[in-house]
Amino acid sequence: MSQVKTPCIGICSTTSLGDKICRGCKRFNFEVIRWNSYSDQEKMAVFRRIDLFTELILQDKFHIYSLSRLEDVMHDFRYFYHPELSPYCWLHGLLQKYAYRIKSLDEIGVQLTAAYRGRELGAVMQEANEELHRLSEAHFERYFQP
Numbered sequence: 020m021s022q023v024k025t026p027c028i029g030i031c032s033t034t035s036l037g038d039k040i041c042r043g044c045k046r047f048n049f050e051v052i053r054w055n056s057y058s059d060q061e062k063m064a065v066f067r068r069i070d071l072f073t074e075l076i077l078q079d080k081f082h083i084y085s086l087s088r089l090e091d092v093m094h095d096f097r098y099f100y101h102p103e104l105s106p107y108c109w110l111h112g113l114l115q116k117y118a119y120r121i122k123s124l125d126e127i128g129v130q131l132t133a134a135y136r137g138r139e140l141g142a143v144m145q146e147a148n149e150e151l152h153r154l155s156e157a158h159f160e161r162y163f164q165p
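All the letters of the sequence shown, read from the start, carry residue numbers 20 to 165 under the numbering used here.
Everything labelled a hint here was simulated from the structure, so no lab data went into it.
In silico DSS-like links for lysine-lysine, alpha-carbon gap of 25 Å or less:
no., residue 1, residue 2
1, K39, K116
2, K116, K62
3, K62, K24
4, K80, K116
5, K116, K24
Label-pair ranges, simulated between beta-carbon atoms:
no., residue 1, residue 2, range
6, K39, S87, 30 to 40 Å
7, K122, R53, 33 to 43 Å
8, S58, Q130, 35 to 45 Å
Nothing here was measured: the structure is a model prediction, and the numbers come from that model.
Even for Gly, the Cβ is constructed at its ideal location relative to N, Cα and C.
I would like the entire structure built from these sequences, with the hints used as guidance.
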C-alpha cells in the first residue's frame, strides 16, 4: 500500500473542466489520471516538482515567520500537508482551500513581503497562481508535449 498521499486539495480542474494542468494541486492531467498506478518514487517526483515551483513563486510574495503557528492552523483546519515539502507548498494549499477562514495572515504566522504589502490577499494569490500555472505550463510543454 502506498505511503505517499495525493496533492489533491479538492478543487480539480483537470477532471471537471478538462484543463491540462490542475488549478488546485498543479498536477498535469495525465498525473491526475494515473496517480493511483504510480510508485511512491514517481509520486514524490511529482510532489518535488510542484514544491520547487511553488516555493520559487511564493517566497517572493510571502514570509513565513512562525512555522509553528502555520502548522497549528493547518492542524486546527485538519488540512493535510506533506512534512517533507516546503512550508511554502503547505501555505499555498492552505490558502487555496481555506483563505476564506483566515482573518489575517498574522494568525497563521505569515506576512506579505515588502513588495506586496498593502495588497489584497486574493489578488496576491491570483497573481501567484497565474505565475505557477505559467511555469507549470512551460514545463509541461518543454518536457511532455510531442
